[in-house]
Amino acid sequence: MTTAFIDRRTLLKTGASALALTASGVPAAVAQEKRLRMYWWGSRERAERTFKVNDLYSARNPGVKIDGETLSWGDYWPRLATQAAGRNAPDIIQMDYRYIFEYARRGALLALDEFMPAVLNIADFGKDAIDSGRVDGKVYGVSLGLNSTAILYNKTAFEAAGVNPPTHETTWAQFAEICAELTKATKKEGFWGSQDGGGVEPGLEIWMRQRGKALYTPEGKLGFDAKDIAEWYGYWDDMRKRKACVPPDVQALDRGSNDSAMLSLGKAATAFEHSNLLVGYQTLNPQKLSMTMYPTGGPGAKPGQYLKPSQMWSVYARTKFNEEAARIVNFFVEDQEAAKVLTVERGVPASAAMRKFITPDLNELDQQSIRYISLVSDRVGPLPAPPPNGAGEIQRTLRRINEEVGFARTTVNAAGKQFIEEAQSILARG
Amino acid sequence: MTDGMHRRPIVGSGTVVRARALSLGIHLLLCGTSLVMLYPLLWMLASSCKPENEIFSSMSIWPSRLDFDAYVRGWSGLKIGFGRFFWNSLVISVLCVIGNVLSCSLAAYAFARLRFKGKNFWFALMLGTLMLPYHVTLIPQYILFLSLDWVDTILPLVVPKYMATDAFFIFLMVQFFRGIPRELDEAAMMDGCSPWRIYRKVILPLSLPVLATAAIFTFIFTWDDFFAPLIYLNDIGSYTVQLGLRAFVDSSGKSDWGALFAMSVLVLVPVVAFFLFFQRLLIEGVATTGLKR
Amino acid sequence: MSRASANDTRAYLFLLPWFAGFFCLTTGPTLASLFLSFTSFDLIQAPRWIGAANYVRIATNDVSFIASLKVTFFFVAFAVPLKLGFALAVAMALNKGIRGLPLYRAIFYLPSLLGASVAIAVLWRKLFSGDGLVNKVLALVGIHGPSWISDPDYSIYTLVVLSVWQFGSPMIIFLAGLRQIPHDVYEAASLEGASKRRQFFKITLPLLTPVIFFNAIVQTIDAFKAFTPAFIISEGTGGPVRSTLFYTLYLYQEAFAYFRMGYAAALAWVLVLIIAFFTAVSFITARYWVHYDD
Numbered sequence: 004m005t006t007a008f009i010d011r012r013t014l015l016k017t018g019a020s021a022l023a024l025t026a027s028g029v030p031a032a033v034a035q036e037k038r039l040r041m042y043w044w045g046s047r048e049r050a051e052r053t054f055k056v057n058d059l060y061s062a063r064n065p066g067v068k069i070d071g072e073t074l075s076w077g078d079y080w081p082r083l084a085t086q087a088a089g090r091n092a093p094d095i096i097q098m099d100y101r102y103i104f105e106y107a108r109r110g111a112l113l114a115l116d117e118f119m120p121a122v123l124n125i126a127d128f129g130k131d132a133i134d135s136g137r138v139d140g141k142v143y144g145v146s147l148g149l150n151s152t153a154i155l156y157n158k159t160a161f162e163a164a165g166v167n168p169p170t171h172e173t174t175w176a177q178f179a180e181i182c183a184e185l186t187k188a189t190k191k192e193g194f195w196g197s198q199d200g201g202g203v204e205p206g207l208e209i210w211m212r213q214r215g216k217a218l219y220t221p222e223g224k225l226g227f228d229a230k231d232i233a234e235w236y237g238y239w240d241d242m243r244k245r246k247a248c249v250p251p252d253v254q255a256l257d258r259g260s261n262d263s264a265m266l267s268l269g270k271a272a273t274a275f276e277h278s279n280l281l282v283g284y285q286t287l288n289p290q291k292l293s294m295t296m297y298p299t300g301g302p303g304a305k306p307g308q309y310l311k312p313s314q315m316w317s318v319y320a321r322t323k324f325n326e327e328a329a330r331i332v333n334f335f336v337e338d339q340e341a342a343k344v345l346t347v348e349r350g351v352p353a354s355a356a357m358r359k360f361i362t363p364d365l366n367e368l369d370q371q372s373i374r375y376i377s378l379v380s381d382r383v384g385p386l387p388a389p390p391p392n393g394a395g396e397i398q399r400t401l402r403r404i405n406e407e408v409g410f411a412r413t414t415v416n417a418a419g420k421q422f423i424e425e426a427q428s429i430l431a432r433g
Numbered sequence: 005m006t007d008g009m010h011r012r013p014i015v016g017s018g019t020v021v022r023a024r025a026l027s028l029g030i031h032l033l034l035c036g037t038s039l040v041m042l043y044p045l046l047w048m049l050a051s052s053c054k055p056e057n058e059i060f061s062s063m064s065i066w067p068s069r070l071d072f073d074a075y076v077r078g079w080s081g082l083k084i085g086f087g088r089f090f091w092n093s094l095v096i097s098v099l100c101v102i103g104n105v106l107s108c109s110l111a112a113y114a115f116a117r118l119r120f121k122g123k124n125f126w127f128a129l130m131l132g133t134l135m136l137p138y139h140v141t142l143i144p145q146y147i148l149f150l151s152l153d154w155v156d157t158i159l160p161l162v163v164p165k166y167m168a169t170d171a172f173f174i175f176l177m178v179q180f181f182r183g184i185p186r187e188l189d190e191a192a193m194m195d196g197c198s199p200w201r202i203y204r205k206v207i208l209p210l211s212l213p214v215l216a217t218a219a220i221f222t223f224i225f226t227w228d229d230f231f232a233p234l235i236y237l238n239d240i241g242s243y244t245v246q247l248g249l250r251a252f253v254d255s256s257g258k259s260d261w262g263a264l265f266a267m268s269v270l271v272l273v274p275v276v277a278f279f280l281f282f283q284r285l286l287i288e289g290v291a292t293t294g295l296k297r
Numbered sequence: 203m204s205r206a207s208a209n210d211t212r213a214y215l216f217l218l219p220w221f222a223g224f225f226c227l228t229t230g231p232t233l234a235s236l237f238l239s240f241t242s243f244d245l246i247q248a249p250r251w252i253g254a255a256n257y258v259r260i261a262t263n264d265v266s267f268i269a270s271l272k273v274t275f276f277f278v279a280f281a282v283p284l285k286l287g288f289a290l291a292v293a294m295a296l297n298k299g300i301r302g303l304p305l306y307r308a309i310f311y312l313p314s315l316l317g318a319s320v321a322i323a324v325l326w327r328k329l330f331s332g333d334g335l336v337n338k339v340l341a342l343v344g345i346h347g348p349s350w351i352s353d354p355d356y357s358i359y360t361l362v363v364l365s366v367w368q369f370g371s372p373m374i375i376f377l378a379g380l381r382q383i384p385h386d387v388y389e390a391a392s393l394e395g396a397s398k399r400r401q402f403f404k405i406t407l408p409l410l411t412p413v414i415f416f417n418a419i420v421q422t423i424d425a426f427k428a429f430t431p432a433f434i435i436s437e438g439t440g441g442p443v444r445s446t447l448f449y450t451l452y453l454y455q456e457a458f459a460y461f462r463m464g465y466a467a468a469l470a471w472v473l474v475l476i477i478a479f480f481t482a483v484s485f486i487t488a489r490y491w492v493h494y495d496d
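Chains C, W and F are the protein sequences, given in the same order. Just so you know, my numbering puts the end of the first sequence at 433, numbered straight through with nothing missing. Just so you know, my numbering puts the end of the second sequence at 297, numbered straight through with nothing missing. Just so you know, my numbering puts the end of the third sequence at 496, numbered straight through with nothing missing.
The list that follows gives simulated cross-link-like pairs (lysine-lysine, DSSO-like), each with its CA atoms no further than 27 Å apart:
hint, chain 1, residue 1, chain 2, residue 2
1, C, K291, F, K328
2, C, K230, C, K305
3, C, K343, C, K68
4, F, K328, C, K190
5, C, K343, W, K83
6, F, K328, C, K187
Hint data in this document are derived by calculation from the structure and do not stem from the laboratory. Bear in mind the structure is a predicted one, so any value in this text is a computation, not a measurement.
From just these sequences and the hints, can you work out the full model?
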């Protein structure tokens, strides 16, 4: 009965290979086997590396099979939500720093503390990197890579224009200066110093943290007021007026993916991004890219940036194999062989040991990521308070209102008030 | 044909010239429009042969050098080759075409030709199923299929087609069946034919154009469908081509756009082939059955 | 009486697959979504009954609802007639015995095959940006165009163009309809000396009305529910500003980006009411202009 059932399923699951399998009489001997589902978003390259690590794990742990399921970012979340609603989510789930709060608080994820350190030994991550996977005191995510915000810039363009690119000591005011200068000095038509960053949430967050404020308070309220946000919109309005950044109708071509970013389209020399995206951007760009930190708040300002996980492994709350899942997660972040395959594709390993182990074999671009993380490490502030429910919608609101200012549908001050009103009503709704 | 030959001497030579000019004009217009229609395909072809870093930064359609490596990378990438995705898509699409044409034509015949109680009510309900956005029935449906243990098989994609769940096709066929002269089935009825025989011997043969249309659409809609496979097929080994395409690119890493465009071009081949094959039925259909009014 | 019920039974036999699908596959999820529209449901925790609160909010306090409704009505009003007109014109042109006909048909159908692919999203942005091909062509005739796709005043037009450009499905249906008109009707008319134009208005158009009606209804419903074009072109944001925030895109954001499936379900049922109203009106007017043989 069991075999008949399995045959039917395998047959229906796929076409050719399953047909061939049943025809050749190979029985599906999976009765004792542990089969786990692992789910991640990412490109083809990530898929290849992840499959390789899964095979390594199966080779070392006979009887454990990991079925990989991969999609791109945009398609990833509706499927996960549907499966979670059906209580059929994968055992091991790649998590994003924003969504982990949404899923963990609703009880979809497993707290991993009980497996630490016996199965999941990540002590060498350091306190901050472990805490970045904590929600309400418990560990729900294990960092797959250290990450921080970064300005990616077109090194070639700066050199050609004879302008010095921004550094980690550049202030916001100097950044505006540099970008305006680049726009003027460049010979290329339709090319500006910077993208319009008024809708970039991490930019706003850093800006606020440098002023001793925050996006959200620990109580889940807004950490700034209408005047603060109006200053931010004002900074970018000024950038647009000085032609230091792209005009609004050019910026609106950016739909939040790196292929449509101003830097990739050859419209601007700098992009407000995250450090793990350097490699992805470089493949789309014939010119040489480099990266540095977001502008600083000037003398006396607090550090704005912080280290966060580029992505995490989480374990589904209803998994049948909780310990095995934790062991697989551990394998990904603390095993040398696995680290060698994964390198820094998901971000710089949080484990100090793994980082040290893989560094010598990395290419120049990947080395740059590692150097960047160590540069940032000395200049970061504490982890911010977790984003409350509704933060995702507020993020889009920030961008929309920046567009409204850009297209002159509202003024900077009105925009500040409007943002606060909308954000508060979103937070009240939850 | 003979008809045309009779007619030709009657019309004046001026009309011939005008007809020629008209035909030339239509040709020119069609060629021009074709170019607009073809441009994206040409652009995709060009992008698939370009070096990766030229795809977005360069405005030119011409690659600086030809590079077919993307086809190789695309076909063999992702652990499971793209050939498997093609096969999966093909199996699902063909099964859907058969189910949809059969079940929808049965239902459409009843709605178009038979008299029964509550016909208008059921017809309105049927149309009503077209109106609800699928995003909100997705999760209940997922739970339904999950309880049947159908998730991660092709059943949720195929079985509904055998139950005429796509009202679009029923409605389409109803409209065409109603265009078939009633005298034909009345005559058959007089001869003592059952509705089943009329359906098979009168309606279906006279409806080849619409059946071909339904077959073409079902194949294409299924082949292009992305959301249902996204939700119901988990394992990468059972992915369809559309899911496979989406796995090449992701903002958070090193995407393979070249492979995406290369495979996007290849994915078109079966649909175009299917279309070219079935459109013959669409065209020849009625002409050869010699329908008279 | 018994004859009538025998007829009923026979009809129900033909409808058996449809009934099976309707009751086993469609009804349950549909009623479930109706139920969810009266709840607060975050996809993961169990839904919580909140009465008509979702509908009250839609009716009284939702700016995005109004904005998305405007965008959607605009889209329906422009895209549907243009697409149908274009499809009919091309179908008429392709119905003649010209050489290379199958090839033309395939070429004209091609845009519809490309559907919602990622490639189209990229290409559309390229074509309709400030320095894109469209503006280069316009520049030849001295028009300096805006950045169509990223200017909130124009971006919706690029989606109308995309929709019209993908006119393949209605075109094929028109072609099939034209094919079903028997030759001898035209022959008889020709013998009576009716001009081409007269034949078109007296024969082609009336006999084609069931198909025109079908295309109009289906395209209108589709346009109201339009999701994919806006989703792929704006990557789900509905921007710039709210200029491409289609109704179903807004609904999708609520459901899957903001975890408010209950509210999304209420939005969906409001849309059903709107579509049902327009469809009902169409069916009532159809009595006056759609010509059936029965």
